[in-house]
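Knowing the structure of chain Z, use the given hints to seat chain U on it.
In the order they appear, the protein sequences are chains Z and U.
Position 361 of the first sequence, counting from 1, maps to 345 under this note's numbering, and the rest follow consecutively.
Position 192 of the second sequence, counting from 1, maps to 212 under this note's numbering, and the rest follow consecutively.
Treat the hints with care, as some may be off.
Stated by the list, open to error - Label pairs and their in silico Cβ distance ranges: (1) U:Lys228 to Z:Arg93: 48 to 58 Å; (2) U:Pro243 to Z:Ala154: 40 to 50 Å; (3) U:Asp73 to Z:Arg(-13): 37 to 47 Å; (4) Z:Arg(-13) to U:Thr52: 31 to 41 Å; (5) Z:Ala69 to U:Glu39: 26 to 36 Å; (6) Z:Arg93 to U:Val256: 53 to 63 Å; (7) U:Val256 to Z:Ala69: 25 to 35 Å; (8) Z:Asp174 to U:Thr52: 41 to 51 Å; (9) Z:Pro206 to U:Gly224: 41 to 51 Å; (10) U:His332 to Z:Glu348: 51 to 61 Å; (11) Z:Arg93 to U:Asp73: 29 to 39 Å; (12) U:Val381 to Z:Ala305: 47 to 57 Å; (13) Z:Glu348 to U:Arg311: 26 to 36 Å.
Unchecked claim - Over the 12 Å line for every Cβ pair with chain Z, so calculated as not near, a few chain U residues: (14) Ala55; (15) Lys133; (16) Ala140; (17) Gln229; (18) His334; (19) Glu335.
In short, the hints are calculated from the structure, not lab data.
Note that beta-carbon positions come from the ideal geometry of N, C-alpha and C, so glycine has one too.
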Amino acid sequence: MRRVYCDANATTPLLPEVMEVIRPYLMEDFGNASSIHLQGQRARKAVDGARETLATFFHCREAEVVFNSGGTEGDNTAIFGLVRAGDHLITTAIEHSAVLRAAERVAERGAEVTFVAPRANGLIDAETIRRAVRPQTRLGDSRRTLVSVMLANNETGVIEPVEEIGKVAAEAGAFFHIDAVQGAGKVAFDVRRFGCHLCSISAHKMHGLKGVGAMFVRRGTPLEPLIVGGSHERRQRAGTENVPGIVGLGKAVELAMESLADGTVERIAALRDRLEAGILRIAGTGVNGAGAPRVANTTNIRFEQVEGEALVIALDLKGVAVSGGSACHSGSTEPSHVLMAMGLDKHAARASLRFSLLRTATEEDVDQVLRVVPQAVEHLRALAPEVAGTLG
Amino acid sequence: MSGGVDSSTAAAILAHSGETVVGLTLHLWDQTRLAGKHGIPDAPKAGRCCSIDDVYDARRVAEDLGIPYYVVNQEERFERDVVRPFVDEYLAGRTPIPCSLCNNHIKFDQLLKTARSIGAEYIATGHYAVNEFDEKRGRWILKRPADLAKDQTYFLFGLTQEQLSRTLFPLGHMTKPEVREAARQHGLRLAEKPDSQEICFIPGGDYKQFLTAYLEEQGEQMPGTAGELVASDGEVIGRHEGISNFTVGQRKGLGVASPSPLYVLQIDPASHRVTVGADAELATRTLRARRLNWISVAELTAPMRVRVKIRHRHEPAWARLEPAGADECVATFDEPQRAVTPGQSAVFYDGDEVVGGGWIV
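Okay, chain U solo, but in the shape it has when bound:
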């Protein structure tokens, strides 16, 4: 329970349906740790996970529902499995998604272990997703939810069959307005609480401030990754301060004047070279993904028609997916896609079903 509307309503729905429910909040990050450093806001506002206010809100919901409630500390694992890789990915010129790492390593791994060790059969979360067992295939299937605008399956592609079999998504068949209405009907005092949007451990949302402050706290130097800014024809048009300042598709903050808008096309972590070019040059026809997880199929053995989602707010695009060696696959889009970004995940859909996914390289 994060103290938000979704997990609170999920808890309320289960508690009112007569299930035995125990509320758990993960304490993942100390919001005061880097506060005030390098421009990070001093007093985190509500709506970021692990703030004292959010834990208070979650506890008040549990009290109202009359369920036992505990705060579980996973700060060390969160730092090791989510924050540190997040930092390392940026330093390596990629654009990470901490939410998927958190789901894979913390929520559906450690939290599930904690749940089982205290005697719970399932964990329930407020994610917008549907999971069902398919008798014919003998597999747990992850499906897009009723509210496609809130679809969180993109962040859940790493779930194993075991994890899916022990997870409940009570909000999967509801729309966000229906969830708020249910929250009101259950008398939840936070029914009108705004949704949180940004990365939970980066209050203010500026990842560059975070990288600087975190590395300084760790006693590490920001590695020198300054280098050349080059046009797509190879001409050097300027210099930049470091590759972690860039993400593929970025337009602002390039520091060069140009008659037409320039975008980051490619970041080369080896040469520190950042290639920029026109919007049209951002489009690519193929992507390669590694560290794969398959859900609706046991393994990708033959080419398959799928739709591929390459970032959170991306409309899945038709592609032909084929295996490309051990733990690797290639998707070839029907229409070239804009800003395929290393470090993000590619999630493959067959209709509403999540076929699987992996990390873009």
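Just chain Z, with the same shape it has in the complex:
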């Protein structure tokens, strides 16, 4: 059976170019980047080269790039590294759990935490962030404020107005962290323009390896390291550098930048639009996040009178891989916190599926999805018309 993978927001495969640059660092160039000898120097050179690419990508200095294990570590580092007891964290109700759970923990430890709600279309209004700022935490106060907002939502693909939020944060004298795990490589990227102090990205969401990522840390930001030990990464992140992962991240970021310039993103947007339009021809469907700017590859669709969980399984058995929200929540008991925060009820949230296309998606992929999905939805609705809406 030909399988179509429509879950790029969960993870992506390595691109061949990425595999090529990684390969030598797995075996012959295996050195520890901290070693003095030639093997070490080769590894160091590779890490530094990747750092240069990341600096170009972030639009920052090389010294402001910190490699780490990925998005969750970046999000955790931003929050645990800046927010102390008595400080104020302002974040949103639609963040990834890497932010939400860290926020809950600093709240338990005596920080004040505000979760800002999105509008019905999934957009965070910069004004709601402004209103959340406490006057006593404005510039000059010893109490810190950290604003943490995602660049693009993993479930809906909605792109948040981080530039405006950055201005609000600057006016308030607040630190600003962007969880850019889903936005990186999909939208034009410039941490100076965003006005952030911290920005987290992950390699495997853009055709790099799992278990590696990077963080922009603006010079002078008083960020306490999450992981301590050796003096790696300018003492910002201890642990032997994941050289193959970092080299691969460099290449992945380079390819992502190319895809933003060479028309690939527009091609994916056109495929996504065709996919979305095709699915919307099924009665009783709608797009979550409609009307908001969205990343090119993502659409989140609710199917009335359908149990999303059963549809995900049925589609999988017919060769179409999609997700009912975030892969990080699979098997969890609650409907999507993102869709609920946008005002959907439990049924609508449970009846919603995320389709997220790979950069390598083709017209044939979309054709096949459009052959399979309407049939599957019709089958489900015919079998159990009473299933949806039976529970209070």
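Quick look at chain U alone, frame taken from chain Z:
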């Protein structure tokens, strides 16, 4: 697939026979929800459904068998159709059986719907029971399994003809030792895993702790059902804290001293009165059952000789069964039976066949 030996072996048998098999695990209850409250154990041990360990075990079996595997969340329905009624039954002075409710409302209803919506023709479970189509009667028949010690037909009396026609019980003709042997032969790593015994959502097995913790979580008060403890001659011999602490036939925890052992004979939910008496007084000759389901017959129209099972570990006893109005019947035992308990089910057998069953009132 619960992560236990039985459902794992059922899956292995079907997968090795060349059937197309999809593994599903129902997530029914969050074991951490009430953990640590009112004496409920903190870290659920393996062997209770829905624990992370059991889902892991089930997934490992599916991986070994090379079958697709999914966890399906039925937590809301489970709470609505099994947990809440379980609590309400105790509060009303009855002794519920959540496993039958779960089979009726979740496993053979929602799970079957899920199975059909993903394109499966049948659901297969690790229950010890046999189902066969009888051409002459034109009906699906539910029968006791080869291993009578593991017989689970008592919990399956609510299955409809449609459900029986779409269900496979691959273990029905096997004994438990044979199932373990098959598990070993199929290389299942959990072939020696111990059986689970207690009610799956009550780790530790203390239902009173569960009632207290659940009601507190729901923001509800335990209804005041304290009342009199009376002897069978009507003499008040003490007081009790609440009717949900008792089940018919119970001996321990009555809180009264007596020269001879006392047992709970009757619980009156209206007056909160709990009647106690001697073991001999527990025996009754008749039982009345409602909310009936018939399997080997379309309807009970005339009196019938059957054997009646009144609780899980009860040896079915001979009785005369007769209809008693709409959706109600009465069984009159040849020999009086001990502790006929409202809230439990009565299942009627004709030889190995399940005639039907209902809920004791």
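Structure-based check of each hint:
1. At about 36 Å, the CB distance of Lys228 of chain U to Arg93 of chain Z disagrees with the hint of 48 to 58 Å.
2. For the hinted restraint 40 to 50 Å between Pro243 of chain U and Ala154 of chain Z, the CB-CB distance of approximately 58 Å leaves it violated.
3. A beta carbon spacing of about 31 Å between Asp73 of chain U and Arg(-13) of chain Z contradicts the range 37 to 47 Å that was offered as a hint.
4. In this structure the supplied range 31 to 41 Å holds for Arg(-13) of chain Z paired with Thr52 of chain U, their Cβ-Cβ distance being about 35 Å.
5. Between Ala69 of chain Z and Glu39 of chain U the C-beta distance comes to about 59 Å, which lies outside the given range of 26 to 36 Å.
6. For the pair Arg93 of chain Z and Val256 of chain U, the supplied restraint of 53 to 63 Å holds, since their beta-carbon distance comes to about 57 Å.
7. Judged by the Cβ atoms, the range 25 to 35 Å given for Val256 of chain U and Ala69 of chain Z is violated: they are separated by roughly 60 Å.
8. Between Asp174 of chain Z and Thr52 of chain U the beta carbon distance is about 43 Å. The supplied range of 41 to 51 Å therefore holds.
9. Our hint of 41 to 51 Å for Pro206 of chain Z and Gly224 of chain U holds, since their Cβ atoms are close to 48 Å apart.
10. The given range of 51 to 61 Å is respected by His332 of chain U and Glu348 of chain Z, whose C-beta atoms sit roughly 56 Å from each other.
11. In this structure the supplied range 29 to 39 Å holds for Arg93 of chain Z paired with Asp73 of chain U, their Cβ-Cβ distance being about 30 Å.
12. One distance hint, 47 to 57 Å for the beta-carbon pair Val381 of chain U and Ala305 of chain Z, holds here, with the actual separation near 51 Å.
13. The given range of 26 to 36 Å is broken by Glu348 of chain Z and Arg311 of chain U, whose C-beta atoms sit roughly 54 Å from each other.
14. Its beta-carbon lying about 15 Å from the closest one in chain Z, Ala55 of chain U satisfies the requirement of being farther than 12 Å from that chain.
15. Distance to chain Z contradicts Lys133 of chain U as a non-interface residue, since its nearest Cβ pair spans about 5 Å, not more than 12 Å.
16. With a least CB separation of 9 Å from chain Z, Ala140 of chain U falls inside the 12 Å interface cut-off, contrary to its annotation.
17. No beta-carbon of chain Z is positioned within 12 Å of the beta-carbon of Gln229 of chain U; the least distance is around 22 Å.
18. With 12 Å as the threshold on Cβ separation, the claim that His334 of chain U sits away from chain Z holds: the shortest Cβ distance comes to roughly 35 Å.
19. Distance to chain Z confirms Glu335 of chain U as a non-interface residue, since its nearest Cβ pair spans about 40 Å, more than 12 Å.
In summary, the structure is inconsistent with hints 1, 2, 3, 5, 7, 13, 15 and 16 from the numbered list given earlier, while agreeing with the others.
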